[in-house]
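A.B. asks: Which chain is which? The protein sequence lines are A and B, in order.
Quick note on numbering: this note's numbering labels position 441 of the first sequence as 441, and the sequence is numbered without any gaps.
Going from the second sequence to this note's numbering is simple: count from 1 and add 553.
Simulated from the structure, these hints should not be mistaken for laboratory data.
One should not assume that every hint holds.
Part of the chain A face toward chain B, derived, beta carbon under 7 angstroms [stated by the list, open to error]: (1) GLU128; (2) GLY132; (3) LEU134; (4) LEU157.
Here the structure is a predicted model, which is why all the values come from computation and not from measurement.
Where is the CB? At the ideal position from N, CA and C, for every residue including glycine.
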Amino acid sequence: MTEHEHYEAVVVGAGPGGAAAAATLAANDVETLVLERGVDAGSKNVSGGLLFAEEDAPYTIGDLFPEFRDAASERPVTESYIHNVAGDKVHTIDLDRVHHEGTAWCDSVLRRRMDSWLAERVHELTRETGGGLLTEVRANGLLRENGEIVGVTCDELDPIRADVVVAADGVNSELARDAGLMDYAEPDEYFQGVKAVVDLPDGAIEERFDVPEGKGASHLFAGDLFDGVRGGGFLYTNEDTLSIGTVFHLDSLAEERAEPHELLDSLLTHPLLAQWVDGDDDEVEYSAKLVPDSKRAAHPSPHEDRLLLVGDAAGQMQAQGPIIKGMNHAVSAGGLAAEAFVESRTRGNVTAGELYEQKLHREGVMDDLRPTRYRASSAVTEHDAVERLTDAVVDSPLGRVGLRALEGTVQRLFNSPFVLGTIPDTKTSYVTIPRVLAEELGERIEGESDVEPPSLADRIGDLTYDTDIGNPHIEVVDESYEASGTAVTACPVSAEGFGGGCYRSETVQSNGDEERVVSLDTQPCVECGTCAVVAETDWEHPRGGKGVEFREG
Amino acid sequence: MRTVTLTKGVPDFREGQVSFDEDGHLERGDTPTVMNPNDEPALRASLQAKVRNGGTASVMSMGPPGYGDVLREAMESVYADDLYLLSDREMAAADTWATAITVATGIQNMDEEPDLVFAGFKTADGETGHTGPQTAWCLDWPLVTHVVALDVDTEAGTLRAKRLVEGDADEIETVEAPLPAFVVTDPEFEPSYRRAEHRLTHKDLREETRQRAGEHEDHMTVWDHSDLNLDPDFIGLDGSPTIVSGVDPIPKAPAERDATMVDPSDPEEMAGVVDEMSRFAGGD
Ligand SMILES: Cc1cc2nc3c(=O)[nH]c(=O)nc-3n(C[C@H](O)[C@H](O)[C@H](O)COP(=O)(O)OP(=O)(O)OC[C@H]3O[C@@H](n4cnc5c(N)ncnc54)[C@H](O)[C@@H]3O)c2cc1C
Ligand code: SF4
């Protein structure tokens, strides 16, 4: 056998985390190979997405790629609001302060455009070092020698050795799982994000959103429009499309047996949105992806041997109340991981992993991701009994008087990063407070929405797939409804009573007994990762280039 | 390493492209010329050799000057370094034998002897599959046909190929041959790039070739029979022992039944179809 190929650094995944790591490695003359499983970087990725450049971040995408904003982002987003909704009553809060505080800039992005642009730059930069970026290659595990991680194995390539492996392979990282650092078992460590991209006529954004030419807005939604499921909605303006989506706690979505596409439809058809979206606007893409909740999922020590986890792979996705910050942290972590490897080579007495962990703490990244305050407050407030009590109080006449009296203060509280970072994950914060605020302080929305969202079948039909026929990437290990039935509703491309999705439930006769079981067809899968957590499955990504291909992302 | 891939322009037989006259004869003038589809695997094999073993890849064709476009197409798909067109009135209307003599002479006329020559399984027009083997015979080189996978060891000066025995996909044998050698690829040929380095080189070459294909004529050498020092009596129509005694158009099968048009959105008409078909549903 020939010797294993070797690169100084192998970066797996060409999202923001991988791009930042690779660019920083290349800037330090480290021979760097980047492996991306999509046909094109970005073709597998979904975000809301507002990309924040925070003033105190150790790395921003703009520092690493100076032409980024001109070439690859959609619009600078300069206005931000949250709408608390109760039926057709809405109470709107301007989030101006929290949106701008500590933020150098904030742009809306679509991932196909953003990531494929980044990948071209990254290829140029890393090619100079003797490496480069390859698409359609999926890393499927870690290469070990004498029990120690020394590289990666891939579907398409022979094993590759590396002095450092940066796993920037996103949520459901197969490398993190192989290393035993993540297990994808707990629904309460994740959100599920679902999004529709809607095409608007020329000039409609300035007109409908009343924003200056070329600028954009962010609108967030909370309250009773999601059947009590904990989470919220968002609407961001792109160059000439809108990204409209929902982000829910996966445990809540699973418990309520909610259908993600229906919750998205509730948002799309709410009268409040009628001023921005009308029935003639085309929905061009439906997509979904899990989002780790750093408060619970961020690994405190995201490394093992030569393997460093970066971004979603390490659970580094911060939900600052309704504001979602994953891409910026992935960029910071990618830069720090690269820096740590470079330093470890000259220092010798400390590993890249140890240095990386130190840097995450020292640069304040870890404190954003797992605030100590949150841990203290959540221990009490997320207790079931406490939650029921506070919920009842807020909803009581007394609580309502309190909230009314707070009117001026509410605006301030919602604009405090401190408060947002410590909001407990309870129904009270996500549903009850917003609803009561709207009922007590809100205004009635006139008019109706004439938006008719496409059916799930049409949404699936509009997506592009290159199915790996005969080689499904997910297998149901336990077919019983008890073990895997949640996937029928929680999978964003399946629904109870819908035969065209991934998961179906059916009743079968066995020995005279009736048994409810689930079956799976991975063809319409959008690779969101949900069923890796809520069902008993053997879950992998499809091999390189196969599966769904997002055009917007 | 130096490789040469033989390719040919053929009429585009795809529906809507090809035209026939009233007697069923192909109207060459009205039918666009494209690269012989069976040559694609040969081009892929040559690209694999260039990517994995380095060196240069050439593409050679015998045909009218208009074949330049076919060669440009070949250059784009194989990232070829240079193109050779053997073109001359004296070479026209050659059968496979006269073609083989011409092409083999073309190969021998190159500045540097190639290590590997690739050809496709057969052409979409003649369908004989003779030209490749006859060219190998003229060169007096080892010939490996029905190749589905290839490894070249430049240091040892050998190739190792997986080939379908008797063209049968169920039986595959591995053979070794010394270089230079002549390889006829099977339509099932799959290039293999299992090293990241190969794929990166592949990407580099793609970039380079995009430019080169735009000015492909600067990279094309045209040779006529005198450049190759070939006697006109042994090439073209005069050098072709094959006599085409006649061409029979294959008659269209006459329709036995009349077709009935049904409007699928009309439930009544569709009900009729279901009635008709349900007679057969029992399997009798
Ligand atoms: C609906 C939704 C809304 C969101 N909104 C926002 C927002 O507004 N702002 C924000 O900052 N964040 C947002 N996020 C979160 C954000 O998208 C992620 O935190 C961010 O993309 C993480 O970046 P990453 O580089 O770690 O991983 P990713 O962007 O997921 O990139 C991982 C890459 O690795 C590749 N890959 C995976 N496995 C393999 C493998 N085995 N081999 C090779 N390649 C592989 C993937 O194809 C992908 O390109 C949102 C997420 C969702 C789903
Ligand atoms: S099958 Fe699983 S991974 Fe695929 S879309 Fe459904 S829940 Fe997501």
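A.B. asks: Hint by hint, say whether it matches the structure.
C.D. replies: Hint by hint, here is what the structure shows:
1. GLU128: Violated: closest Cβ of chain B sits about 12 angstroms from GLU128 of chain A, beyond 7 angstroms.
2. GLY132: holds (4 angstroms)
3. LEU134: holds (5 angstroms)
4. LEU157: holds (6 angstroms)
Violated hints amount to a single one, hint 1; each of the other numbered hints is respected by the structure.
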